[in-house]
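**Student:** Given the structure of chain A, go ahead and fit chains B, C, D, E and F onto it with the hints provided.
6 protein chains.
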Amino acid sequence: MATSPSVRIIRTVKFSAAHRYASAKLSEEENQRVFGACYRPHGHGHNYRLDVGVEGQVDPVTGMVMNLADLDRVLKREVVARFDHSFLNYDIEHFAETVPTCENLALYFARVLPPHIEVATQGRMASVRVWESDDLFAEVEL
Amino acid sequence: MATSPSVRIIRTVKFSAAHRYASAKLSEEENQRVFGACYRPHGHGHNYRLDVGVEGQVDPVTGMVMNLADLDRVLKREVVARFDHSFLNYDIEHFAETVPTCENLALYFARVLPPHIEVATQGRMASVRVWESDDLFAEVEL
Amino acid sequence: MATSPSVRIIRTVKFSAAHRYASAKLSEEENQRVFGACYRPHGHGHNYRLDVGVEGQVDPVTGMVMNLADLDRVLKREVVARFDHSFLNYDIEHFAETVPTCENLALYFARVLPPHIEVATQGRMASVRVWESDDLFAEVEL
Amino acid sequence: MATSPSVRIIRTVKFSAAHRYASAKLSEEENQRVFGACYRPHGHGHNYRLDVGVEGQVDPVTGMVMNLADLDRVLKREVVARFDHSFLNYDIEHFAETVPTCENLALYFARVLPPHIEVATQGRMASVRVWESDDLFAEVEL
Amino acid sequence: MATSPSVRIIRTVKFSAAHRYASAKLSEEENQRVFGACYRPHGHGHNYRLDVGVEGQVDPVTGMVMNLADLDRVLKREVVARFDHSFLNYDIEHFAETVPTCENLALYFARVLPPHIEVATQGRMASVRVWESDDLFAEVEL
Amino acid sequence: MATSPSVRIIRTVKFSAAHRYASAKLSEEENQRVFGACYRPHGHGHNYRLDVGVEGQVDPVTGMVMNLADLDRVLKREVVARFDHSFLNYDIEHFAETVPTCENLALYFARVLPPHIEVATQGRMASVRVWESDDLFAEVEL
Numbered sequence: 021m022a023t024s025p026s027v028r029i030i031r032t033v034k035f036s037a038a039h040r041y042a043s044a045k046l047s048e049e050e051n052q053r054v055f056g057a058c059y060r061p062h063g064h065g066h067n068y069r070l071d072v073g074v075e076g077q078v079d080p081v082t083g084m085v086m087n088l089a090d091l092d093r094v095l096k097r098e099v100v101a102r103f104d105h106s107f108l109n110y111d112i113e114h115f116a117e118t119v120p121t122c123e124n125l126a127l128y129f130a131r132v133l134p135p136h137i138e139v140a141t142q143g144r145m146a147s148v149r150v151w152e153s154d155d156l157f158a159e160v161e162l
Numbered sequence: 021m022a023t024s025p026s027v028r029i030i031r032t033v034k035f036s037a038a039h040r041y042a043s044a045k046l047s048e049e050e051n052q053r054v055f056g057a058c059y060r061p062h063g064h065g066h067n068y069r070l071d072v073g074v075e076g077q078v079d080p081v082t083g084m085v086m087n088l089a090d091l092d093r094v095l096k097r098e099v100v101a102r103f104d105h106s107f108l109n110y111d112i113e114h115f116a117e118t119v120p121t122c123e124n125l126a127l128y129f130a131r132v133l134p135p136h137i138e139v140a141t142q143g144r145m146a147s148v149r150v151w152e153s154d155d156l157f158a159e160v161e162l
Numbered sequence: 021m022a023t024s025p026s027v028r029i030i031r032t033v034k035f036s037a038a039h040r041y042a043s044a045k046l047s048e049e050e051n052q053r054v055f056g057a058c059y060r061p062h063g064h065g066h067n068y069r070l071d072v073g074v075e076g077q078v079d080p081v082t083g084m085v086m087n088l089a090d091l092d093r094v095l096k097r098e099v100v101a102r103f104d105h106s107f108l109n110y111d112i113e114h115f116a117e118t119v120p121t122c123e124n125l126a127l128y129f130a131r132v133l134p135p136h137i138e139v140a141t142q143g144r145m146a147s148v149r150v151w152e153s154d155d156l157f158a159e160v161e162l
Numbered sequence: 021m022a023t024s025p026s027v028r029i030i031r032t033v034k035f036s037a038a039h040r041y042a043s044a045k046l047s048e049e050e051n052q053r054v055f056g057a058c059y060r061p062h063g064h065g066h067n068y069r070l071d072v073g074v075e076g077q078v079d080p081v082t083g084m085v086m087n088l089a090d091l092d093r094v095l096k097r098e099v100v101a102r103f104d105h106s107f108l109n110y111d112i113e114h115f116a117e118t119v120p121t122c123e124n125l126a127l128y129f130a131r132v133l134p135p136h137i138e139v140a141t142q143g144r145m146a147s148v149r150v151w152e153s154d155d156l157f158a159e160v161e162l
Numbered sequence: 021m022a023t024s025p026s027v028r029i030i031r032t033v034k035f036s037a038a039h040r041y042a043s044a045k046l047s048e049e050e051n052q053r054v055f056g057a058c059y060r061p062h063g064h065g066h067n068y069r070l071d072v073g074v075e076g077q078v079d080p081v082t083g084m085v086m087n088l089a090d091l092d093r094v095l096k097r098e099v100v101a102r103f104d105h106s107f108l109n110y111d112i113e114h115f116a117e118t119v120p121t122c123e124n125l126a127l128y129f130a131r132v133l134p135p136h137i138e139v140a141t142q143g144r145m146a147s148v149r150v151w152e153s154d155d156l157f158a159e160v161e162l
Numbered sequence: 021m022a023t024s025p026s027v028r029i030i031r032t033v034k035f036s037a038a039h040r041y042a043s044a045k046l047s048e049e050e051n052q053r054v055f056g057a058c059y060r061p062h063g064h065g066h067n068y069r070l071d072v073g074v075e076g077q078v079d080p081v082t083g084m085v086m087n088l089a090d091l092d093r094v095l096k097r098e099v100v101a102r103f104d105h106s107f108l109n110y111d112i113e114h115f116a117e118t119v120p121t122c123e124n125l126a127l128y129f130a131r132v133l134p135p136h137i138e139v140a141t142q143g144r145m146a147s148v149r150v151w152e153s154d155d156l157f158a159e160v161e162l
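Residue numbers (our numbering), protein chains in the order written: chain A, 21 to 162; chain B, 21 to 162; chain C, 21 to 162; chain D, 21 to 162; chain E, 21 to 162; chain F, 21 to 162.
Pulled out of the complex, with its shape left as it was, chain A reads as follows (with noise of 0.2 Å):
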């Protein structure tokens, strides 16, 4: 019998969080021309969207690929708790050294993320998308 075709998944949450765009190996010059307005001293902030996509077979028996009461439990302790309400680049350790854009977020939770939802699920995480806003977002295909 032929295989059914894999599905993918994507599940959203969102976060309010601030940041604060400024690199230490760069001289102040350097980080008002990069970054401009970004670069201001006390930040500014977003209300941030994460989606989350998990791939793989549909058990034929739940018609799931991952059981979503499993992903949100590790969506809501490993993003919500932690991101939600935060300053980035104060309140999150990597973000100390590591500029808070989009695209480095989309690479954090890229990393961060797979190892939690792969012992729940017999899927995979496969994608992962920041939005920062209406009009930006950052995506990585793991």
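I should point out that these hints are in silico values taken from the structure, not numbers from a laboratory.
Remember, predicted model here, so these are calculated numbers, not experimental data.
Glycine included, C-beta positions come from ideal geometry on N, C-alpha and C.
Treat the hints loosely; a few may be bogus.
Just a few of them, taken from the derived set where beta-carbon distance is under 10 Å, the chain C residues facing chain D [to be verified]:
hint: 1; residue: 24
hint: 2; residue: 25
hint: 3; residue: 29
hint: 4; residue: 56
hint: 5; residue: 73
hint: 6; residue: 85
hint: 7; residue: 89
Among the chain E residues that face chain C by a calculated CB cut under 8 Å, a handful are [as the list claims (entries may be wrong)]:
hint: 8; residue: 24
hint: 9; residue: 27
hint: 10; residue: 32
hint: 11; residue: 57
hint: 12; residue: 83
hint: 13; residue: 85
hint: 14; residue: 87
hint: 15; residue: 162
**Tutor:** Relative to chain A, chains B, C, D, E and F alone:
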């Protein structure tokens, strides 16, 4: 002359339906554990959104991969007329036995729509996305 | 000193539910004629959105009309816990007899929510909007 | 001849900003209890949306209540240039003392914008809505 | 027994149209100055959205202010069939002379739609909103 | 050391334009049959949305695939300044001969934008999406 890249058009239709998650292969306790609130006896509902992708070369005279009026006719007949205002488990035969998750809806449309679309176009149906809500969708690449 | 204008805050919650339109006071033919596809025997469903407005003076210390954590607690308990994943006609006693239209949902929330909200605030509940889909909502000004 | 009804136009601008909720009039325990996660020391952020309503008779020659180019100039200068990429508590003097809730932002714009708008129009500024996220906004009718 | 509050339902339809802003009562320089890019000779276009509000008592048997099927029939015939895929200045007689701004569209619908709606309902048409884009709309309360 | 996965950023711009569908290679009857309402003589319009994807390695100092200020400058000059408030068939030379469908707009941007973007970045332009409305878009992967 170099050929043009192929183009994919994505068309969206919406339908409102109810569903209930329960599997005859699971005990009542297992159904409760796996499906949680989705196992409630009377079912609940969603405003679904279906995105169908059709891919091919653009016709140099019409500027189209597929005539939208033809695509809309197929989607109206095969999706909206059958699924809108339905209770998936009772009104759509396939979902009498198959749990009507987002994933299974995507697999179903990925199997039943291509013959209807491909007789009407030189392109091919290339993707399905089924949105259950703003924060969950399932996708299949064909 | 002139008083500040009063401010209305509007908070949104979502729930997914099924419903069926049928009136015991109408014959089968009348039900069919009045309710059309909404009279299908098994019901269908929606992702509903409820906007609750609370109006009052802004507290000069907290900057709030009403503490959002209190409002969220009421809406979670009285709306989401009861209505999400429900079949309105069967799971919510009021809609056993009353047709669960958008209008009747708005009237229901306009009647049952104010006492819960007003004990927790110096403001008053001022408006209800119930969205059944992106292109239909009902509103009541209290 | 009967006069035309007056018309209200509503124009939207967006800005990204960080804020922190804390009141010098409250103890640390009270701040924690009243503001919860919003009291975190480094602040967090939002993509804000501001809807400004201007109401009046439609000019029979131009078809406008107020020239949009004039309105956009005011909103760009008084809102976007000052608030986008800011940390409200530190960069906007008014919010050094006043908690930058949605309600207080709405009151602020309702007080400071009308003189800028009314010199440029025969209409009057009639309403303010400040959206902090998709599920919360504050509104003031002037 | 106390009467119920009245309820307003708001129904949305969409249409795509082109328009050009120019007034025969203005010189070319004045047209250029007042209308800017909207004065370009060939016109430009929008996806418009029209929200029509109908207000009244909810019928105790049907749970409706106005039968949606009736309202949809009026909006399809008087709005979509006439305005969708049109060039407002050339295809809609009223806008041959009147500048087709958002404001004038709202006034037009506020004048021409009520007779069609009020013969079909015990309610009354109460409001019009015309959205030209996500960041601009005009509203009239009747 | 293992390299990082590449990241794609997607940036959105909007423009309002009119268009008309008609082909000089088709008879009037054929034009009518193929294009339907889109063949109306005066044209109609849309609020378009263009999503441009740029893909590459993230710069370890700036945290960026491409400086957004550079990308925004290109999109403002090559897209918004030329296309906003335009009538595609008359104001954009390419569409004098080519039917301005969603598909042809996507192919056009996929051909003309990469040289402007690639001089300003170590990344490459990787994708184009052109949205004509909420329920239709065309996409090209480069």
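**Student:** Against this structure, judge whether each hint is valid.
**Tutor:** How the hints compare with the structure:
no.: 1; hint: 24; verdict: holds, 6 Å
no.: 2; hint: 25; verdict: holds, 5 Å
no.: 3; hint: 29; verdict: holds, 5 Å
no.: 4; hint: 56; verdict: violated, 32 Å
no.: 5; hint: 73; verdict: holds, 8 Å
no.: 6; hint: 85; verdict: holds, 6 Å
no.: 7; hint: 89; verdict: holds, 6 Å
no.: 8; hint: 24; verdict: holds, 6 Å
no.: 9; hint: 27; verdict: holds, 5 Å
no.: 10; hint: 32; verdict: holds, 4 Å
no.: 11; hint: 57; verdict: violated, 30 Å
no.: 12; hint: 83; verdict: holds, 3 Å
no.: 13; hint: 85; verdict: holds, 6 Å
no.: 14; hint: 87; verdict: holds, 7 Å
no.: 15; hint: 162; verdict: violated, 15 Å
In summary, the structure is inconsistent with hints 4, 11 and 15 from the numbered list given earlier, while agreeing with the others.
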